[in-house]
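Chains as they are written, first to last, in the numbering used here: chain Y, 10 to 311; chain L, 10 to 311.
There's no promise every hint is true.
[What the hints assert, rightly or not] DMTMM-like, lysine to aspartate or glutamate: derived pairs with alpha carbons at most 25 Å apart: (1) L/Lys52 <-> L/Asp159; (2) Y/Lys52 <-> L/Asp304; (3) Y/Lys52 <-> Y/Asp68; (4) L/Lys52 <-> Y/Glu163; (5) L/Lys52 <-> L/Glu87; (6) L/Lys52 <-> Y/Asp304; (7) Y/Lys52 <-> Y/Glu140; (8) L/Lys52 <-> L/Asp64; (9) Y/Lys52 <-> Y/Glu33; (10) Y/Lys52 <-> L/Glu301.
Think of the hints as simulated: they come from the structure by calculation, not from any bench. Treat the numbers as computed from the prediction; the structure is a model and nothing was measured.
There are 2 protein chains.
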Amino acid sequence: MTITRLAIIGLGLLGGSIGLAVREHAGAIATAGYDRDPRVREKARERGLVGTVCDNPADAVRDADLVVLCVPVGAMEEAAREIAGALSPHAIVSDVGSSKQSVAEALERALPGVCIIPAHPVAGTEQSGPEAGFASLFTNRWCILTPPDDAEEEAVAALSGFWTSLGARVEIMEAAHHDLVLAVTSHIPHLIAFTIVGTASDLEDVTRSEVIKYSAGGFRDFTRIAASDPVMWRDVFLSNRPAVLEMLGRFTEDLTALQRAIRSGDGEALHDLFSRTRAIRRAVIEEGQDDERPDFGREDHG
Amino acid sequence: MTITRLAIIGLGLLGGSIGLAVREHAGAIATAGYDRDPRVREKARERGLVGTVCDNPADAVRDADLVVLCVPVGAMEEAAREIAGALSPHAIVSDVGSSKQSVAEALERALPGVCIIPAHPVAGTEQSGPEAGFASLFTNRWCILTPPDDAEEEAVAALSGFWTSLGARVEIMEAAHHDLVLAVTSHIPHLIAFTIVGTASDLEDVTRSEVIKYSAGGFRDFTRIAASDPVMWRDVFLSNRPAVLEMLGRFTEDLTALQRAIRSGDGEALHDLFSRTRAIRRAVIEEGQDDERPDFGREDHG
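Make a model of the complete structure from these sequences and hints.
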């Protein structure tokens with residue numbers, strides 16, 4: 010089967026970027042979209058994020074072979090219920106949520122009998138909304154599909170081909186494993202960034218303006234992640250609770266060990282860890298997952 | 010007094026950048042430099058990091074009005090002892106270390122009677138060594154001076170003027186306050202980045218290659234900081250121990266509160282924090298301390 014008509018529900022950073030990427034890389038696919046916020050629909054029309062911006066979700070999904078839900082994971086079930094009656098019988102329903110077990114359950118509850126293949130493109134920026142999307146967001150990024158055991162092979166292949174056509178690389182894994190991997194590579198990094206930025210802004214003996222002025226010492230990196238969409242991230246932590254708590258436990262164990270090394274003056278333990286972590290950076294760059302220029306290639310020096 | 014002859018001890022990222030910045034922005038100042046590693050001296054000659062690369066520290070500092078020690082904070086005392094006998098009687102000795110109380114004590118022990126004005130330019134990248142420096146590293150960055158109470162005003166003004174001429178903005182504060190502020194804006198961010206990168210590489214149920222492949226979900230940001238120089242950072246944590254432990258305590262308190270919010274499903278607490286932290290990012294950008302483009306302006310999408 011081939012995707013010829015795509016519906017995108019939710020026209021923020023992810024939904025908008027999918028629409029723009031289809032226009033650029035897969036122009037044969039007709040796109041329709043919907044967002045529950047009328048201002049977002051207006052902006053989506055202005056930017057041409059999809060071919061047709063509809064004023065209700067049913068119109069957007071009618072006749073679509075692929076529907077991609079691009080809403081916060083806590084809003085997936087409601088968004089799915091709104092399209093349930095209008096779906097074509099052969100439609101594949103997918104999503105872009107950052108946690109996969111809870112989304113799979115929500116979609117199965119809302120859409121019994123429908124071909125559901127949850128997915129997660131591991132890509133984004135700290136910005137959100139209909140102005141934030143861009144066509145190359147998925148280029149060279151991984152998109153993880155977590156099809157249920159009884160998923161039709163043809164449908165999985167069609168969704169995989171769709172993401173490949175947008176420039177992404179596709180991997181298939183169990184939803185539970187996805188949730189554990191992403192807890193480490195995405196959810197815990199966000200959680201500790203939100204925390205340290207919050208800690209810094211609550212200090213009484215260091216002013217907020219000092220924190221901002223001297224942020225180039227490292228703190229500013231964390232402020233980028235901590236500027237991410239609050240609703241999206243609230244939902245991620247609540248929906249991937251067991252994996253997040255498990256990985257957070259490991260992180261705090263390791264942090265406590267490092268704290269003890271500092272308190273006891275164990276320079277060798279510190280040096281050993283700091284030398285190991287350097288190698289990970291090199292591997293990330295070699296795998297094409299980050300900019301190799303110093304400081305991410307920032308251009309704020311002059 | 011005016012700085013006409015500058016000596017730089019240690020020709021890595023910071024020392025090399027000072028040399029290059031002087032050449033570009035303050036060409037009237039004659040520069041000499043020394044590094045204890047002969048390969049670094051060789052590379053420094055190739056790149057022209059300073060006007061004269063000397064083969065011993067005494068030759069580099071002779072006749073200098075300003076000597077800047079650019080070595081890891083744990084190596085400051087030894088570096089200072091090596092130049093003690095060769096300093097001109099009117100020389101100012103300064104440094105670029107990330108912790109200031111311990112450096113001030115080390116320099117006072119090694120150089121009794123010398124005019125010592127510790128300093129810390131809050132700037133850098135994850136790279137190190139004589140190839141890493143560049144002339145614009147200090148442009149629009151803050152340089153914090155922590156002169157002792159009895160410092161001569163003229164000498165403080167001269168050092169301040171020197172940093173201003175390299176494009177930096179200068180602030181003067183107590184060494185103890187500096188150490189607290191930088192614990193928050195630099196040392197703790199580095200500590201938690203080193204920790205999470207270590208945690209991720211030690212997991213048994215998530216492979217190292219998965220961590221790297223899906224690092225664009227947030228983790229890759231932390232790998233940059235965790236690629237910083239191991240010796241430099243070991244020394245920072247050991248030399249600023251009380252402030253680091255104090256701020257680490259606050260961070261872990263806040264993280265524990267967030268962990269409890271996740272466990273109990275308190276979405277409102279999460280949303281409140283995540284909304285507050287967004288404002289800090291805006292302030293950092295408005296203050297000119299980060300690149301406003303999404304994702305730091307990374308160009309790894311194509």
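Consistency of the hints with the structure:
1. At most 25 Å may separate the alpha-carbon atoms for a hinted pair to count; L/Lys52 and L/Asp159 exceed this at roughly 39 Å.
2. Note on Y/Lys52 and L/Asp304: the hinted pairing holds, with a Cα-Cα distance of about 22 Å set against a maximum of 25 Å.
3. The hinted pair formed by Y/Lys52 and Y/Asp68 meets the criterion: a straight-line CA distance of about 19 Å does not exceed 25 Å.
4. For the hint linking L/Lys52 to Y/Glu163, the alpha-carbon distance of about 58 Å lies beyond 25 Å, and the restraint is violated.
5. Among the hinted pairs, L/Lys52 with L/Glu87 is consistent with the structure: their alpha-carbon atoms are about 23 Å apart, no more than 25 Å.
6. Distance hint between L/Lys52 and Y/Asp304 is fulfilled; the C-alpha atoms sit about 22 Å from each other, no more than 25 Å.
7. With a C-alpha separation of about 7 Å, the suggested pairing of Y/Lys52 with Y/Glu140 holds against the 25 Å cut-off.
8. For a cut-off of 25 Å, the pair hint linking L/Lys52 to L/Asp64 stands: about 13 Å separates their Cα positions.
9. Taking the CA atoms of Y/Lys52 and Y/Glu33, the gap is about 19 Å. The hint holds against a cut of 25 Å.
10. Between Y/Lys52 and L/Glu301 the CA atoms are separated by roughly 22 Å; this keeps the pair inside 25 Å, and the hint holds.
Consistency note: the structure conflicts with the earlier hints numbered 1 and 4.
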